[in-house]
Amino acid sequence: MKQWVAFWNILLKDMRAYYLKPPNISWGLIFPIAWTGMFFMKSGKGFESIPSLLPGVIAISVLFGTTSMLAVTITFEKRNQSFKRLLLAPISLNLLMLAKTSGAIVFGSANALVPVAMALFLADIASVSWPTLLAGIILIAIVSTFLGLFIAVSVSEVFEAQTFSNFFRFPMIFLCGLFIPVDALPLVLRPLSYILPLTYGVDILRSAVTGTNIMSLRLDFLMIILFCVILFCISLRNVNQKWIA
Amino acid sequence: MNTTDTIHSIHKQDSLVEVSNLTKKFDDLTAVKEISFFLKRGEIFGFLGPNGAGKTTTINMLIGLSRPDSGTIHIAGRDCINNPKAAQHLIGVVPDESSLYPELSGFDNLCFCGSLYGMRKNERRDRADALLKTFGLKQAGNRKFGGYSKGMKRKLTIAAGIIHNPQILFLDEPTTGTDVAGARKIRGLISDLHRAGTTIFLTTHYIEEAERLCERVAFIVKGRIVQTDTVKNLLQPLQGRHMMLFSVSNAKDNLPEKLSEHFSDYQFQSLSPERIRIESNGPISLGPLVRFMEEQNTEVMEARRLGPSLEDVFVDVTGIEADILRKEAEKKGGGI
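Taken in sequence, the protein lines are chains A and B. Going letter by letter, the first sequence gives residues 10 to 254 in the working numbering. Going letter by letter, the second sequence gives residues 1083 to 1418 in the working numbering.
No lab work stands behind these hints: they were computed from the structure. It is possible that part of the hints are untrue.
Some chain A residues well away from chain B (every beta-carbon gap over 10 Å; in silico) [stated by the list, open to error]: (1) 17; (2) 98; (3) 182; (4) 193; (5) 203.
With a cut-off of at most 25 Å between alpha-carbon atoms, the simulated BS3-like pairs for lysine-lysine come out as follows [claimed, not checked]: (6) A:93 x B:1334; (7) A:93 x B:1314; (8) B:1334 x A:11; (9) B:1220 x B:1267; (10) B:1314 x A:251; (11) A:93 x B:1203; (12) A:30 x B:1167; (13) B:1203 x A:30; (14) B:1232 x B:1215; (15) B:1215 x B:1203; (16) B:1232 x A:11; (17) B:1220 x B:1167; (18) B:1167 x A:93; (19) B:1203 x B:1220; (20) B:1107 x B:1167; (21) B:1215 x B:1226; (22) A:93 x B:1226; (23) B:1334 x A:251; (24) B:1267 x A:251; (25) A:251 x B:1215.
Note that CB positions come from ideal geometry on N, CA and C, so glycine has one too.
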């Protein structure tokens, strides 16, 4: 029970200290609005193109929201030594890292609500499978957060975390089927798509919104959960080896 | 059974921390080499040494932030090598840097630190209030930690270290970075904690501070403990020695050598161009010394008798001038 008191308060502290700060709230609103507006105008097909764009815009909003925040909440605290205080607390490392990442998962999932709300107002999305969409959003938030965690514990400076994040984030925009379907990519690039977790998350969202998924939902869920486990375990191992050396 | 084992078996009954043959290497550098010591319940134990001696590495191993390459650590009977988390609820840590959250208020920082140890909301709020009062920070409790002065930060960091009433408190350079009044206040607080029954492990550059606060001390140099004993026992051999400190001006570089030639019963040591320390096994006659120095065109500004101090023991045992430690501390921004 004491461990859960610590878990809850780490989450609350991060929410207050980082996620609910005005710059981050505005980032969480403006960024998805900008992406949604940009792709909507670029498509030039009117309101009926919104459902086909929605999975990509949701995924990109969640991906950038989560990975950007982890660089601050983990790398910054490591840099100014306050992360040591958490490592000294009598809670397991697993629970500590889950507490540190829960805020980003909530923040990333909330980022997804902006394009969904816009789509609700602007287009007919009555056929959306909401449970599948919600599961897809949460899983993308988790896997993106754990990717951010993996990056954050691999570097020592905030700017390094941001740079390293971009190394993953920008290729994923093009390779994971966000706006260009995976089966429309050159054959040589397709294997890369299947080793990136976002491909499976976007496929879940496509299944929920337009029913145009290219893999079975079962495979999508299995693969994205597998990526979550792998990324979290590698991050824990890195913390153990590098920060408690 | 080796010496270390014997010492440990004698003190095992009342020891709260037992460290045996602890070694830590960083690549080719052996930061800590086979050190052994124990902390008795309720004592203040000082860990003294220059920068790079292995003090912080030792603390990090004791608190679970670093893994030893070999050796054992037992805290309250718990094996902290195989399970570093086993005793973390019993220990409080005040690191050498004030590493709280700048964007939270002093009060919120304390409450958050309490929550990390599973303290309930009302419990941690009451305790945070009480600690702010004790540390003279009540007025600043709602201000952000980032806006605190160095001394206030140090005090709040100590308060955060004891929010959960730990049995053992690890204090790493507690007065470094504070002014004279702040350092005095912190020493008072450490004494209060000691009186309340907290066992304290203290690292410091200031030998005078260790002498004032600690019951036992260990000297660590280049990763090895060269001496561990009570302050009283360490000072014992110096009781018969007579010491004086001369403050002089216009002294030539070779004055200590000339003094040594002329007064062969005394030992002279130049601490700086303006300070000469004189030691003798018998009483020191002031008149002939002053006259000789005046003949050498050296003006004697002050002559002061010195009592035996831990600093003398440290210099004798380690061969390191205490001034080196003081300068290191000053570099870190401290004052005693």
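Comparing the hints with the structure gives:
1. Non-interface status of residue 17 of chain A relative to chain B is broken: a Cβ of that chain comes within 10 Å, the nearest being about 8 Å off.
2. Not every CB of chain B lies more than 10 Å from the CB of residue 98 of chain A, the least distance being 4 Å, so the non-interface label is violated.
3. Distance check on residue 182 of chain A: its Cβ is at least 32 Å (rounded) from any Cβ of chain B, clearing the 10 Å threshold; non-interface status holds.
4. Even its closest Cβ contact with chain B, about 46 Å, leaves residue 193 of chain A beyond 10 Å, as expected for a residue assigned away from the interface.
5. Listed as a non-interface residue, residue 203 of chain A keeps its Cβ farther than 10 Å from every Cβ of chain B; the least gap is roughly 38 Å.
6. Between the alpha carbons of residue 93 of chain A and residue 1334 of chain B the distance comes to roughly 52 Å, so the proposed pair goes past 25 Å and is violated.
7. A C-alpha spacing of about 36 Å is found between residue 93 of chain A and residue 1314 of chain B, which places the hinted pair above 25 Å, so the restraint is violated.
8. Of the supplied pair hints, the one linking residue 1334 of chain B and residue 11 of chain A is violated, its CA atoms being roughly 68 Å apart against a limit of 25 Å.
9. The straight-line distance between the Cα atoms of residue 1220 of chain B and residue 1267 of chain B is roughly 15 Å, inside the 25 Å bound, and the hint therefore holds.
10. The suggested pairing of residue 1314 of chain B with residue 251 of chain A is violated, with an alpha-carbon distance near 42 Å, which exceeds 25 Å.
11. With a C-alpha separation of about 23 Å, the suggested pairing of residue 93 of chain A with residue 1203 of chain B holds against the 25 Å cut-off.
12. Annotation: proposed proximity of residue 30 of chain A to residue 1167 of chain B is violated, straight-line Cα distance about 33 Å (limit 25 Å).
13. At most 25 Å may separate the alpha-carbon atoms for a hinted pair to count; residue 1203 of chain B and residue 30 of chain A meet this at roughly 24 Å.
14. Proposed proximity of residue 1232 of chain B and residue 1215 of chain B is supported: the alpha carbons are some 18 Å apart, at most 25 Å.
15. Straight-line distance between C-alpha atoms of residue 1215 of chain B and residue 1203 of chain B comes to about 18 Å, which keeps the hinted pair within the 25 Å bound.
16. Taken as a hint, the residue 1232 of chain B and residue 11 of chain A pair is broken in the structure, with Cα atoms around 32 Å apart against an allowance of 25 Å.
17. A distance of roughly 33 Å separates the Cα atoms of residue 1220 of chain B and residue 1167 of chain B; the hinted pair therefore is violated under the 25 Å criterion.
18. A hinted pair counts as satisfied when its Cα atoms are at most 25 Å apart, and residue 1167 of chain B with residue 93 of chain A qualifies at roughly 14 Å.
19. Taken as a hint, the residue 1203 of chain B and residue 1220 of chain B pair is honoured in the structure, with Cα atoms around 19 Å apart against an allowance of 25 Å.
20. The suggested pairing of residue 1107 of chain B with residue 1167 of chain B holds, with an alpha-carbon distance near 22 Å, which does not exceed 25 Å.
21. Proposed proximity of residue 1215 of chain B and residue 1226 of chain B is supported: the alpha carbons are some 17 Å apart, at most 25 Å.
22. Between residue 93 of chain A and residue 1226 of chain B the CA atoms are separated by roughly 20 Å; this keeps the pair inside 25 Å, and the hint holds.
23. Taken as a hint, the residue 1334 of chain B and residue 251 of chain A pair is broken in the structure, with Cα atoms around 54 Å apart against an allowance of 25 Å.
24. With a C-alpha separation of about 37 Å, the suggested pair residue 1267 of chain B and residue 251 of chain A falls outside the 25 Å cut-off, and the hint is violated.
25. Of the supplied pair hints, the one linking residue 251 of chain A and residue 1215 of chain B is violated, its CA atoms being roughly 39 Å apart against a limit of 25 Å.
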